[in-house]
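Numbered per UniProt numbering, the sequence shown spans residues 1 to 256.
The set of hints was computed from the structure by calculation and includes no laboratory data. Keep in mind that the hints are not guaranteed to be accurate.
Restraint-style ranges between C-beta atoms, simulated for each label pair [as the list claims (entries may be wrong)]:
#	residue 1	residue 2	range
1	N61	P138	46 to 56 angstroms
2	A198	R13	49 to 59 angstroms
3	R187	E253	40 to 50 angstroms
4	A198	G153	46 to 56 angstroms
5	G217	D91	14 to 24 angstroms
This one's a predicted model, so the numbers in the text were calculated from it and none came from an experiment. Positions of the beta carbon are idealized from the N, C-alpha and C atoms, including for glycine.
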Amino acid sequence: MAIEYSGSGDPRRTIELLWGVQSRSSKGPKPKLTVPQVTAAAIALADAEGLAGLSMRELANHLGVSAMNLYSYVPSKAELVDLMVDRALADVVGHYEGAAEPGEWRGNLEFVARANWQLYQRHPWLLGVSTARAPLGPNVMAKYDRELAYIDGVGLTDLEMDSVLSLVLGHTEASARRVADAAEAVRHSGITDSEWWAKSAPVLEEVVPFDRYPIAGRVGTASGQAHQAASDVATAFEFGLGRILDGVASLIEGRT
1 MAIEYSGSGD
11 PRRTIELLWG
21 VQSRSSKGPK
31 PKLTVPQVTA
41 AAIALADAEG
51 LAGLSMRELA
61 NHLGVSAMNL
71 YSYVPSKAEL
81 VDLMVDRALA
91 DVVGHYEGAA
101 EPGEWRGNLE
111 FVARANWQLY
121 QRHPWLLGVS
131 TARAPLGPNV
141 MAKYDRELAY
151 IDGVGLTDLE
161 MDSVLSLVLG
171 HTEASARRVA
181 DAAEAVRHSG
191 ITDSEWWAKS
201 APVLEEVVPF
211 DRYPIAGRVG
221 TASGQAHQAA
231 SDVATAFEFG
241 LGRILDGVAS
251 LIEGRT
């Protein structure tokens, strides 16, 4: 999976673009496109082809303009990636509208985790963007604010709220990445996980001396039979989320 790094562009120009600050001259012919149109087209291209298939030249061809004309809207791919990330998060922000249950922090965090899980299913390319320096755009900030609101006033300090949210989102992202990796393995090999397991399991039974690895054999067999694959990421995601929230509950209850 191709890796891009948010925050790699010019900070001033990136922030102006994210917040819709107009820096183009009002003189001359009316622009054929808008920055939101360019961003939407880039997201559609990344959804279809992944980040590896996204280039300024390919995007220009997709939009029917020259590469030089495209650069008059977005200075480089670095700024474009930030715009794409922020715009993609708008779906989640809209999904959060009116969805919080006051005082129901556990259900709220489950809702947040599943909303982000679905986001990664819709836009797998997001997993290829390192957001250690998150785009400082309106949707990034709105998403963070509304997710924090779900656990505000439940007995956590501000720093704990930030850490709890980071823990839930980190678990969700890691699980979603495993899903994306599994999908890539299917594309690369041309066979599904079930087909791979059906071919591998009989050979394992013939070749591997499981008496040397009794626990691995027992647990691996149980998992393989249950999931018809080496593992099931969705099950692991739900299990891990539950244990994380159990820990948060223990922290909150300890305060009261």
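Here is how each hint holds up against the structure:
no., hint, verdict
1, N61 with P138: 46 to 56 angstroms, "29 angstroms, violated"
2, A198 with R13: 49 to 59 angstroms, "53 angstroms, holds"
3, R187 with E253: 40 to 50 angstroms, "46 angstroms, holds"
4, A198 with G153: 46 to 56 angstroms, "51 angstroms, holds"
5, G217 with D91: 14 to 24 angstroms, "44 angstroms, violated"
Violation of the numbered hints given earlier is confined to hints 1, 5; the remaining hints are satisfied by the structure.
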